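Chemist: Put chain G on the given structure of chain F with help from the hints.
For the protein sequence lines, the chains are F and G, in the order given. Here the UniProt record's numbering is used: the first residue of the first sequence is 1, the next is one more, and so on. Here the UniProt record's numbering is used: the first residue of the second sequence is 1, the next is one more, and so on.
No lab work stands behind these hints: they were computed from the structure. None of these values were measured; they are calculated from a predicted model. Each hint should be verified, as a subset may be incorrect.
[As the list claims (entries may be wrong)] Keeping only pairs whose Cα atoms sit at most 25 Å apart, straight-line, the calculated DSS-like set for lysine-lysine is:
#1 F:Lys363 with G:Lys395
#2 G:Lys22 with F:Lys384
#3 F:Lys22 with G:Lys384
#4 F:Lys289 with F:Lys299
#5 F:Lys299 with F:Lys243
#6 F:Lys24 with F:Lys181
#7 F:Lys24 with F:Lys243
#8 G:Lys181 with G:Lys24
#9 F:Lys286 with F:Lys5
#10 F:Lys363 with F:Lys384
#11 F:Lys299 with F:Lys22
#12 F:Lys19 with F:Lys286
#13 F:Lys363 with G:Lys363
#14 F:Lys7 with F:Lys289
#15 F:Lys395 with G:Lys363
Protein chains: 2
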Amino acid sequence: MQFFKVKTVEETFALIDEKIEKIKSVENRAIEDAMGYILAEDVTARENVPGFDRSTVDGYAVRAEDTYGSSESMPGFLTVTGEVRMGEAASIPVGFGEAVYVPTGGMLPAGSDSVMMIEHCEEIAGLLNTYRQVAPGENVIREGEDIRIGELVLAEGTRLRPQEVGALASLGITHVNVYRKLKAGYLSSGDEIVPFETQDLAIGQIRDINYFTIAGLANDWGVDVVYGGIVPDDYEEFQRRAKELFDEVDCLILSGGSSVGAKDYTTDVIQSLGGPGVFVHGISVKPGKPTILAMADGKPVIGLPGHPASAMIIFRLFGERVLKRLKGETLRPKADRIFARITKNIPSAPGRSDYIRVSLFEKEGEWWAEPIIGKSGLITTLVKSDGIVEIVSEKEGIAQGEYVPVIATR
Amino acid sequence: MQFFKVKTVEETFALIDEKIEKIKSVENRAIEDAMGYILAEDVTARENVPGFDRSTVDGYAVRAEDTYGSSESMPGFLTVTGEVRMGEAASIPVGFGEAVYVPTGGMLPAGSDSVMMIEHCEEIAGLLNTYRQVAPGENVIREGEDIRIGELVLAEGTRLRPQEVGALASLGITHVNVYRKLKAGYLSSGDEIVPFETQDLAIGQIRDINYFTIAGLANDWGVDVVYGGIVPDDYEEFQRRAKELFDEVDCLILSGGSSVGAKDYTTDVIQSLGGPGVFVHGISVKPGKPTILAMADGKPVIGLPGHPASAMIIFRLFGERVLKRLKGETLRPKADRIFARITKNIPSAPGRSDYIRVSLFEKEGEWWAEPIIGKSGLITTLVKSDGIVEIVSEKEGIAQGEYVPVIATR
Chain F
1 MQFFKVKTVE ETFALIDEKI EKIKSVENRA IEDAMGYILA EDVTARENVP
51 GFDRSTVDGY AVRAEDTYGS SESMPGFLTV TGEVRMGEAA SIPVGFGEAV
101 YVPTGGMLPA GSDSVMMIEH CEEIAGLLNT YRQVAPGENV IREGEDIRIG
151 ELVLAEGTRL RPQEVGALAS LGITHVNVYR KLKAGYLSSG DEIVPFETQD
201 LAIGQIRDIN YFTIAGLAND WGVDVVYGGI VPDDYEEFQR RAKELFDEVD
251 CLILSGGSSV GAKDYTTDVI QSLGGPGVFV HGISVKPGKP TILAMADGKP
301 VIGLPGHPAS AMIIFRLFGE RVLKRLKGET LRPKADRIFA RITKNIPSAP
351 GRSDYIRVSL FEKEGEWWAE PIIGKSGLIT TLVKSDGIVE IVSEKEGIAQ
401 GEYVPVIATR
Chain G
1 MQFFKVKTVE ETFALIDEKI EKIKSVENRA IEDAMGYILA EDVTARENVP
51 GFDRSTVDGY AVRAEDTYGS SESMPGFLTV TGEVRMGEAA SIPVGFGEAV
101 YVPTGGMLPA GSDSVMMIEH CEEIAGLLNT YRQVAPGENV IREGEDIRIG
151 ELVLAEGTRL RPQEVGALAS LGITHVNVYR KLKAGYLSSG DEIVPFETQD
201 LAIGQIRDIN YFTIAGLAND WGVDVVYGGI VPDDYEEFQR RAKELFDEVD
251 CLILSGGSSV GAKDYTTDVI QSLGGPGVFV HGISVKPGKP TILAMADGKP
301 VIGLPGHPAS AMIIFRLFGE RVLKRLKGET LRPKADRIFA RITKNIPSAP
351 GRSDYIRVSL FEKEGEWWAE PIIGKSGLIT TLVKSDGIVE IVSEKEGIAQ
401 GEYVPVIATR
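So here's chain F without its partners, still in its complex pose:
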């Protein structure tokens, strides 16, 4: 067997970025069904948004200079010459000394350059008493101020959140090209693993629960998961079932069997699926060291540790990156990391990144992270946790009160 040097977290991320390419498959979707998908094209504006100067308040369209000097004690006076109706063009221009009522969102009449809020004036028998002055452009959104014709609105690689879909709708764009939804395959291995619905466990047996945690996370990231079932510790059957599943998915996830035990066929099975094969075998993290990452025939393969908490943490850290690269998503700064203060000293070996489950609480405007003590097999430590503290590999632990980045899991 090929010898693999254990990689650091940073080396692993760099290798993921280097080895994994986005899928080529693009489809055209209606925007109402495109939420969460990744744009496969640049989108430029075909029109200005808004398409005309609009008021941002209920008030009176005026010429700003006509209001100069107006105050509570020395009101100015303007003649109200009409009203703009919502959804209709403003037909009455505003001349010197004139004002036209305009509702929020209404079109600004020709001649006016600003809107005085109704709270700052009073209409009495066709005469507007102005108690304030306004500046040119005040309470107005100019034509094209939101989006200008020809402007790049959304770049290829953008994940479509609600606001991005809203931006597309505001331009009258009904369909966009996006990368096809990914399909990942999941296969559990191990003689001790039995289907989760097994009611009476024989001694030594464990229910297959990683499927739920891993598929749950993948679904959150917009990836469908095909459950391939459980294979025993038998190379021939493992290889056959893995190959079968591999052929119908974009990415294969294997759970269990990645530790260095005697029955570890995972690496051999992965190498059999195609080249170039394994590029990470072991990461200097705790928990989750025996993680495997590979590329086989253009598809990523992820070998997760069998312990539920380890599997979940590793999948959250590296599986998400693998899937995002594959989806074609442009990575943005991870705003899912909260900075919190740790409630106790935590030792850590330098050269290794440690991931500590924590519960979070707020005190005096700051987040505090309370470590949850538990062995990596314990699913309850994940149920109790609000996040995972990362102790980066350069550090020899963290001291009470220190600020640490927390990956939120709620």
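Modeler: What follows is chain G alone, placed relative to chain F:
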């Protein structure tokens, strides 16, 4: 019309908690289809997890006392008497001076109390050289250490994340009682609003984009949204269409028409739907002051401002709380708030909570929040934003470098 005093953010939250009760409707779901749902029952354990003492490493099951004094320079010696196979009961007990090989997850043999990792010993011709000592319980998960029979595993009101579903699977629980998925109705109002797919806008017209941002957020929170279309500024038609939609949903969301303009029929329409009616009419926030919250015949009604960014911020702040209360979800500390430092001084009126869109970047292990300048109508300010900074009502603005809570929107 009844007179309503503008409420603070805190008063609004308290009123939401007081007025809105969880839906009564419960359904039994398979756990694989229950992700994101809210538990409608307490779940207690019917068995211990794990069901037997397990090893957490690949190694040798030993009696800890047999290893005392072992070190690199002074190894101890034990006789290897056999091997535990995964998924099978450990049949060979461990006597004094003996060791039995056990893989990660394997069952601990009778007589042993700890496991020595293979990295810390060496088997040579049936004899185990031990280079370290282990403590009783080391590298072992005890029967019931994760979950004990009769223990409350998940409380009513818990949202089922991947780890909670994993915990249910680990207990062999295949179905749970959860609150039914909510169905919210969405209706836009305003003479100027036209369907988003309208290609050539007449002057003064605006495409209906709030549906996409609001429905997108609601979908993220596990709520289905029924689109009720667009109604003109006409009380009779507005009332009829609102009532029709209201009758088939659990919660009604109205967009636009909540400012104090002459054509504002929203309050009257809401009051016509049933008692006790409006309980919040105006919140001292910027943007989004003209927000309406009501309970009509046991169903919440939310009146959102028409401006896209205002609508989205208000829905994120108050709509989420309304829907979570209605879903039956127990509110937990909001770990979706990042603490960041602001890059510039921001003034704010005391007595009003301000919400400023920001982009986030990391510098020297801290998040910094850069305000995005833009009028509240601008959808692009939301597209560019990573989060929303809250300036609480007691504060008269924030100073450059100050720590502020940011609601992440990525």
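Chemist: Hints first: check each against the structure and report whether it holds.
Modeler: Evaluated hints:
no., hint, in the structure
1, F:Lys363 with G:Lys395, "holds, 18 Å"
2, G:Lys22 with F:Lys384, "holds, 24 Å"
3, F:Lys22 with G:Lys384, "holds, 24 Å"
4, F:Lys289 with F:Lys299, "holds, 22 Å"
5, F:Lys299 with F:Lys243, "holds, 12 Å"
6, F:Lys24 with F:Lys181, "holds, 11 Å"
7, F:Lys24 with F:Lys243, "holds, 22 Å"
8, G:Lys181 with G:Lys24, "holds, 11 Å"
9, F:Lys286 with F:Lys5, "holds, 16 Å"
10, F:Lys363 with F:Lys384, "holds, 19 Å"
11, F:Lys299 with F:Lys22, "holds, 10 Å"
12, F:Lys19 with F:Lys286, "holds, 24 Å"
13, F:Lys363 with G:Lys363, "holds, 24 Å"
14, F:Lys7 with F:Lys289, "holds, 9 Å"
15, F:Lys395 with G:Lys363, "holds, 18 Å"
Figure legend: structure checked against the earlier numbered hints; every hint is met.
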